[in-house]
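First to last, the protein sequences are chains A and B.
For the first sequence, our numbering gives the first residue as 1, with consecutive numbering after it.
For the second sequence, our numbering gives the first residue as 1, with consecutive numbering after it.
Just so you know, the hints here were simulated from the structure itself, not pulled from any lab data.
One thing to keep in mind: the hints can contain errors.
To be verified - In silico lysine to aspartate or glutamate, DMTMM-like type, Cα no more than 25 Å apart, as pairs:
| no. | chain 1 | residue 1 | chain 2 | residue 2 |
| --- | --- | --- | --- | --- |
| 1 | B | Lys166 | A | Asp9 |
| 2 | A | Lys146 | A | Glu102 |
| 3 | B | Lys166 | A | Asp14 |
Model, not experiment: these values are computed from the prediction.
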Amino acid sequence: MREPPDLRDLVGEDLPPDELERLRRADALLRAVPAPPAEVPNSLTQSVSRLAERPAATQSRRRLALAFALAAVLAAASFGLGRWTNGDDFETRFTVAMQPTENAHDAAAVIRVGERDEAGNWELELDVSGLPELPPGEYYDLWLAKDGEYAATCGIFSVAGGETTVQMNVSYRLADYDAWVITRRQADGDPPWLLQAPVA
Amino acid sequence: MSLAALATAETDARLIERVAGGDPDAFTELYRRFARPVLAMAVRQLGDAGRAEEAAQETFAAVWRSARSFRPERGSGSAWLYAVARHAIIDRARQRREPVVEVPEEASAEAGPDERAELSWLTWRVHSALEQLPERERIVLELAYWSGLSQAEIASYLDVPLGTVKTRTRTGLARLATLLDEVRV
Numbered sequence: 001m002r003e004p005p006d007l008r009d010l011v012g013e014d015l016p017p018d019e020l021e022r023l024r025r026a027d028a029l030l031r032a033v034p035a036p037p038a039e040v041p042n043s044l045t046q047s048v049s050r051l052a053e054r055p056a057a058t059q060s061r062r063r064l065a066l067a068f069a070l071a072a073v074l075a076a077a078s079f080g081l082g083r084w085t086n087g088d089d090f091e092t093r094f095t096v097a098m099q100p101t102e103n104a105h106d107a108a109a110v111i112r113v114g115e116r117d118e119a120g121n122w123e124l125e126l127d128v129s130g131l132p133e134l135p136p137g138e139y140y141d142l143w144l145a146k147d148g149e150y151a152a153t154c155g156i157f158s159v160a161g162g163e164t165t166v167q168m169n170v171s172y173r174l175a176d177y178d179a180w181v182i183t184r185r186q187a188d189g190d191p192p193w194l195l196q197a198p199v200a
Numbered sequence: 001m002s003l004a005a006l007a008t009a010e011t012d013a014r015l016i017e018r019v020a021g022g023d024p025d026a027f028t029e030l031y032r033r034f035a036r037p038v039l040a041m042a043v044r045q046l047g048d049a050g051r052a053e054e055a056a057q058e059t060f061a062a063v064w065r066s067a068r069s070f071r072p073e074r075g076s077g078s079a080w081l082y083a084v085a086r087h088a089i090i091d092r093a094r095q096r097r098e099p100v101v102e103v104p105e106e107a108s109a110e111a112g113p114d115e116r117a118e119l120s121w122l123t124w125r126v127h128s129a130l131e132q133l134p135e136r137e138r139i140v141l142e143l144a145y146w147s148g149l150s151q152a153e154i155a156s157y158l159d160v161p162l163g164t165v166k167t168r169t170r171t172g173l174a175r176l177a178t179l180l181d182e183v184r185v
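Turn these sequences into a full structure, and let the hints guide you.
Right, here's the structure in full:
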């Protein structure tokens, strides 16, 4: 690739010396650094814009703590899966923004994956919004898929309108799977996928 | 945006404080200012567009989540965002048990760790400043310095007179000089 032209060629010959010197500093900085990316992917902009559609996580946890607690106790007692808490000590290692499918146009979800404990369990924190509240006794399911098939459950949860934050933990090797999926738990057949995201 | 308007534009620190209060408009403006600098740093250090996008996403998730930890007395908003992005990128690299490595750049092929860190910070500052320019000036500067096109070719590409390209280059450089007044190479 050609080098950029000399500054005088770029800006013309008619500048006073002190102004030219000022521009030369900016010119030197641009020559010293690599090019920025040509554009920001739309997928990144969409994922990030969803973050701001919901209240900050800690505020949300406080507001919805009571509603979660009841749903969590009921669900954990029934299935023994997942772990729900409202602690503020969760430390995120990376974040996964889930994409809604055509079955849940208005839904959004972010999974925050925390540190792995000594026993090999991953802490997860799921923020989900836009899913309808279900009748008593029915739940949503966060699970891991492999080759498009149900592979391992991460836990079940209920929503109470607005945004719901749920904490879970799983002991799987995430690298063994290729997608995160949220479905509505149903007794028979394959449930339609509501939200999904690739496992990083 | 005039030079006067540039001087009165809301600071990065003020935007972060508004984000801490849950203001989505401030978050959108921060994203507009810093998406490309974050992405550029992630691509350089991770060497993979997909993982760089994930790291950029995590950076802004951390900004949204942790803006209340920002302390303006400890440094600028831009420096805080730089640190958040660095952490997110390092976390993303550790996830694959790979070291964070700056993809070699022509300007730093022989540089040691200190020089690479310095170049990384300088690059962040310059890229962030570019995002504050009017788009018509930013595009002309990026084409002039990194596309390999001559100014006549840029004029043809943008379908504007050559004099307009020179004027936009001049005003864009003047704005950059103001924004980066204390930065030296």
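**Request:** Just pull the numbers of the violated hints for me, sorted ascending.
**Result:** Going through the list in order, the structure violates no hint and respects every one.
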